[in-house]
Every structure is written in structure tokens, then in C-alpha cells.
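K.L.:
Letter by letter, the chains look like this.
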Amino acid sequence: MALPIHASRLERIWHYTYLTICALIFLFLIAPILIIIPLSFNAEPYFTFTEKMLSFDPTGYSMRWYDTLLTLGMTNPEAPRNAAWWADAWANSTWIRAAKNSVIIGFFSTILATALGTLAALGLSRPEMPFRRTVMAVLISPMIVPIIITATGLFFFYSKTGLAGSYVGIIMAHATLGIPFVIITVTATLVGFDQSLNRAAANLGANPATSFFKITMPLILPGVVSGALFAFVTSFDEVVVVLFVAAHDQQTIPRQMWAGIREQISPAILAVATILVVVSIGLLTAVELLRRRSERMRGLSPG
Amino acid sequence: MADMTATSPGAAPQGLQTADGRPLKAALAASQARAKRRAFYLVAPLLAFVLLTFVLPIGQLLSRSVSDPRFIENVDRSSGEVTPIMVELRDWFKANPPGTEPDEAAYQALAQGLAQLAELRGQGDVGTRINYEAPGTRSLFTKTARRADDLEAPFKEAILDVDEDWADPVLWQAMRDASSRYTINFYLAALDMTRDVDGNIVNVPEDRQVYLLLFKRTAILSVLITVTTLVLGFPVAYLLATLPLRYSNLLMILVLLPFWTSLLVRTTSWMVLLQSQGVVNDLLVWAGIIGDDGRIQMIYNQMGTVIAMTHILLPFTVLPLYSVMRPIKPSYVRAARSLGATSWTAFRRVYLPQTVPGIGAGALLVFILAVGYYITPALVGGSSGQLISNLIAFHMQNSLNWSLAAALASLLLAGVLVLYWLYDRLVGIDNLKLG
Chain B
1 MALPIHASRL ERIWHYTYLT ICALIFLFLI APILIIIPLS FNAEPYFTFT
51 EKMLSFDPTG YSMRWYDTLL TLGMTNPEAP RNAAWWADAW ANSTWIRAAK
101 NSVIIGFFST ILATALGTLA ALGLSRPEMP FRRTVMAVLI SPMIVPIIIT
151 ATGLFFFYSK TGLAGSYVGI IMAHATLGIP FVIITVTATL VGFDQSLNRA
201 AANLGANPAT SFFKITMPLI LPGVVSGALF AFVTSFDEVV VVLFVAAHDQ
251 QTIPRQMWAG IREQISPAIL AVATILVVVS IGLLTAVELL RRRSERMRGL
301 SPG
Chain R
1001 MADMTATSPG AAPQGLQTAD GRPLKAALAA SQARAKRRAF YLVAPLLAFV
1051 LLTFVLPIGQ LLSRSVSDPR FIENVDRSSG EVTPIMVELR DWFKANPPGT
1101 EPDEAAYQAL AQGLAQLAEL RGQGDVGTRI NYEAPGTRSL FTKTARRADD
1151 LEAPFKEAIL DVDEDWADPV LWQAMRDASS RYTINFYLAA LDMTRDVDGN
1201 IVNVPEDRQV YLLLFKRTAI LSVLITVTTL VLGFPVAYLL ATLPLRYSNL
1251 LMILVLLPFW TSLLVRTTSW MVLLQSQGVV NDLLVWAGII GDDGRIQMIY
1301 NQMGTVIAMT HILLPFTVLP LYSVMRPIKP SYVRAARSLG ATSWTAFRRV
1351 YLPQTVPGIG AGALLVFILA VGYYITPALV GGSSGQLISN LIAFHMQNSL
1401 NWSLAAALAS LLLAGVLVLY WLYDRLVGID NLKLG
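Protein chains in written order, with our numbering: chain B, 1 to 303; chain R, 1001 to 1435.
Here chain B stands alone, though its shape is the one from the complex (with noise of 0.2 Å):
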């Protein structure tokens, strides 16, 4: 990108240009996420900052917004803080309850989507597969088809067979829309596997379950627990099923914060952001590495 020693003056003006241009898009992109940070310790319930923010007084900051996230809807705010407040908190907190609810049904569907479509992923990378790219398309789907209209059947569905407001409901149409994530990152592993590893291990004696689990598993393991990270996010930032098929008190951080959102935004909201925002810096982290990992070993394997 340097700027070669013979450029003409235009040029000069022209790669200067563009790079402010490249920075502001850089910061339409980023900023966003990460002016809510300081807003979220906004001592007054501005959307804003305020003067005493601007100039970096202490008492324009506050905690109050990460407090109201603990005590809303506790029984007795006002004790004193000790071991009881701490378990009100914890049994009876909107926002814990809600990050509770949304972390059993994350988990459970990331389990689900990753075991099935991993399984799913291996097959599809078979060459001798037959209708790989119809059967391909269609796993691929829930990523692509609006996601209204997958709520809206599933609210159909699910009425008709008794799975509105339950859990496993949730948990299944969640598992659906992640399983998409999980089937392109093992297949964009699986596609640096060296299939060879596996005839070499059948041919030492290793029957095909103790292939896939000593040399298969350990080379895609990267993708598939990048994979998961994927499914995971995408359950626990899902709202639209949520708001269609689950019962009142199957309350999850996103309707949670949809439902404050519409009716009365306060920084309260601003406070689950950073910290969703906090949870998404370590997940992108942690795909970045496994990234690099995966990248690593296959660079050491041949072909």
C-alpha cells in the first residue's frame, strides 16, 4: 500500500485522501459499538454526554445503570448487601433470570446444532455424497430465509403440536437457525483435511470411530468450536422465535432488552449492551485463535 517514490503530486493527494476515507468508514463501523461504553456510566439518564461527562468529572459517572440491572425486580432492593440481598438477586433479578434463561437455551441448542451438524458436515465433505448441493442448500436455508417468516411457521407449527412456550420448543427452532453456522465452518475446515490421514489410520488397524476421534476430531476441532461460538451467539442474540413461540416468563436477555427498548428506553439498556459487547470482544477473540490454531495445523499437515 505504499506509495511508490515516482507517484505524481495527483496521486500523493488522491492516496491521502483515500486513506481518510478508508479511516472514517473505520470508525462508522466501530464507533457505534463503542460509544455506548461511556454512555452506559452515565450518572444522569441521558442518552448523551453530559457536560460533567465531557469534562471528566467523577460525579458524572456512575454505576447506578448496572445496579437497576441487579435490583429490578428483586423483592427487598433496599437491604443492606450481604449474603441474602445476593441470593434475592440471584433468584429473582429480571435481568439474571433472563440471562439464566437465554444461557440454558444457548447451550443446549449449541449442543444440538454442533453435534448434528458437525456429523452433517463430515458427510457432506464425502465426495461420493449424493444431492450435495440440494441437501447442502437446504441445511444452509434457516440463514438465509427471513427470519419473520421461520418464526411465523413455527408459531403455526408449534401450536398445533403443543410446543409453544415450552423450552424444548425454543431450544429446537434456536439449534435450527445455528446449525447453517456450524455446517460452513466444518466444511471450510474439512476442506484442508487431508483425507489420506484416515486410510493410513485404517490401514494401522484403527476401526472408524477410533479414527475419527484420534485423528479426525483433533484436526477440525478449531472449526467446530468455532462453529459452536457461532451457533451460541446466534441463540443468544435471537428475539424474533423468542417473541413468536415462547410463553410470558420465558423471558431471555434479548426480549428482555427488546421489550425495554419499545416501551421505555433507559441506560439500563446501555449497560447490558457494554456488556454484551464486553462477551462479543471474547468470543471474536476466541474464534480469532482458533482461527490462527487451525490455520497452524494445517500447515503443518501435507497437501
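What the hints contain is simulated information worked out from the structure, not anything from laboratory work. Quantities reported herein were computed from a predicted structural model and do not represent experimental measurements. Heads up, some of the hints might be wrong.
Stated by the list, open to error - Quick partial rundown of chain R residues pointing at chain B, CB under 7 Å, derived from the structure:
(1) Trp1260
(2) Ser1262
(3) Leu1264
(4) Val1265
(5) Tyr1374
(6) Leu1411
(7) Leu1413
(8) Tyr1420
Using N, Cα and C, we set each Cβ at its ideal position, and we do this for glycine too.
Mind docking chain R on chain B? Use the hints.
P.N.:
Using the frame of chain B, we list chain R on its own:
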């Protein structure tokens, strides 16, 4: 591969054989079939699961879009028991062609039906069902069913005594339409069409057209968003593709972090930024570009939808563009320059054509995702920035006209599937990359 010579002319009369005496050709076919079955067995559990939790529900949606049997059967809310209703009236419709003036027999059948409804407490459902086809008629059913016991022959007079609107031919046409189990009327409604009193398909008066307008708006806004993401995504992808890997990997984080951040979080931050008392307006006022009373309304309108969705979908353009641009060798452009092309010509005639696959893949993907967007327009779109998905949600949750919602959803689905097929043909679904 020696075993491929089975059919070669030099083979023995009965062909080559395996060690256990089977013809080699058959053995190979059997082993290939086995390999095929094995591959399929690996996929089968997931395929079954997706058929159950995804394809079947979509099938239900399609069947719902052509059927709303609330005029034909009453479902008891507590026991779920199904009772056929309006039997006599439906028989009358079968016996008489469309456009027949309802006679005494028709009114008698109607009175019998209403009496049964009063017993089942089902007049509200029936009224709602007919109301979809002939707006403003729901109260007729509730009002008349309440007095169904007092109705006596001659029924025509008695019913018209309760309300003269019962003579309306539009209402009778609506009941006739609703008396068949399957109907395309919801699709007609979704396309701003209706049936006149003789059963002919006509356009809805222009001032009451809603859906075509919304389909059109969805398409226009999606194209706008696609173009904006391309305009913003191209320079960034180019920069990432031409920088050395250790810098581009760092900058890539700025693209991937929004991708990993919750959709609701990103939408919320745009609400915070774009509000009239929000950060962007404050900055503009502070910089003196606008006055304090001239704050720009950037949210709860189409502008809000376009800005927020561009931000949310931008990574979907950058990633495919990047993966196409990375392998392009800089020597091509250098060769063009050394042959006398200006840098603009070299870019336009040598570099740009090589990025077309990436542009196509990114644009198509963003467009597909944009037409079905729901959450962001619902939160930042106000009333002018709503897309077709929001209307589907409205009919599912507020107006409760589920069949119309299903018909709208089916039309949207058809459009998306065509685009998806196109994407698979042009780009290939296996080339979809995530980060």
C-alpha cells in the same frame, strides 16, 4: 487405477473378478453405493431435524396462507373440539351460482347458522373471518347472533330488521368465498386485489393500497442499502487486501467486531447516536453546522433504517470482497501501469473486473438479508421506514389476520428463494464464508 480396466477390450470374456469371484464391475458398484449410503447416513439425522423444525413449519405457513376455516368450523377454546358450522348456508352457496340474489331459503340457512353460533359462542370468530373480506361487518354477526333465538319466519325480513346491511351483496360474496376451505383471497389481498360482487378479481382502490407499496419500498430500500454497503465496503476491502497481513488482520477486527456484536446492541447504539438529543446531533450543534433548533430527524424514518442496516450489513460485503481481492496479484496493475495506463485506467480496466465475483457475492447476500430484515426497521424505522417483514409481524401479533400474514410471508419467501437459488448458481453456497 487398474480396476478401471474392467470394460477394456482386452478383458477376459466374463470380465475381471475380485478375489472372491465376483465380477469387478459389480463389486465396485456395490462399494460405491455403500460409500454413498455411508455419507448420506451421516447427513440424515440433521436433514431429518431440519425437515421437522424448519421445512415442515414453512409448509404449515404455506397451507395457512390459502386457508382460514373459521367460517367452516368452530374450535372450542378450552376443549379444542371442532364443530362444523354454517352447514346450511354453505349448502345454499353450493346450490346457487355466484351473484344469485339471496332468497328466503338463504336467509333461513343464515338464521340457523347464527343460532348455532350463538350456542357455541363462535360469532366473534366468524365475524372476524368475514371482516377480512368485507371490512366493517364484524358487528353484524355479533349483534344478530345475540338475537338469533328471536328470529322467526319470514327470515329475510326478520334478519333485515336487525340490520339492513345484511342485504349488502359484498357481504354475501364474502361469505361465499369464506365457505370454501381453500381460497386464494389472502394472496389477492397481499397483492392489493380483491373480488367484486360477481367474484371477479379487481384492484383495490388506489387510496387503500398498502402491500404493493410496501413490497416496492422494501425493494427500493434494500437496493439503496446494498449500494451503500458496496460503496463503503469496497475501499475498506481494498485497503485490507493490499496491506501486509499483520496490519490487515488487526484492522479486520474492526470489521469483525460489529459482526459478532448483538444485533440489538448495534440497533440500540444507533438509536442513541441518531436521536434528536443524541450524540450526532449534539456534535453537529457543537460544531456549529446546525442550530440548536435545527436538529435533524435522523431516526424513526427511512434514514434511520438505511443508516443502521448499512452498518449492520457492511461486514457481509467486506468479507466476500476481501476474500476475492486478497489473491489478486499486484503485478497485473503494475504491468498495466508500465504499459502506459494511468492509475485510474489500470484500476478500472484491470483491477475492477477481477473483483466482480466478490461484488456480486457481497451485493446479492446483502440484498437477500436486507429484504427480510425485521428487528432494525421495527426499532429505528418509525412508520415510514417499515419493511414488509414488519407488516407480517403486525398481522401476526396485532390484527391477528394470520392467513394474510402467511400469504405475505409466502410471497416474501418466494422472492428470497429465487435470490437464494441465483446466489447458489452464481456464487455457490459452499463459498459462503464467515470471518
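K.L.:
Each hint needs a verdict: does it hold in this structure or not?
P.N.:
Right, here's what the structure says about each hint:
1. Trp1260: holds, 4 Å
2. Ser1262: With Cβ-Cβ at 5 Å, under 7 Å, it holds.
3. Leu1264: holds, 5 Å
4. Val1265: At 4 Å from the nearest chain B Cβ, Val1265/R passes the 7 Å test, so the hint holds.
5. Tyr1374: With a closest approach of 5 Å, the Tyr1374/R hint holds.
6. Leu1411: violated, 10 Å
7. Leu1413: holds, 5 Å
8. Tyr1420: holds, 5 Å
The structure is inconsistent with hint 6 alone, although it conforms to all the rest.
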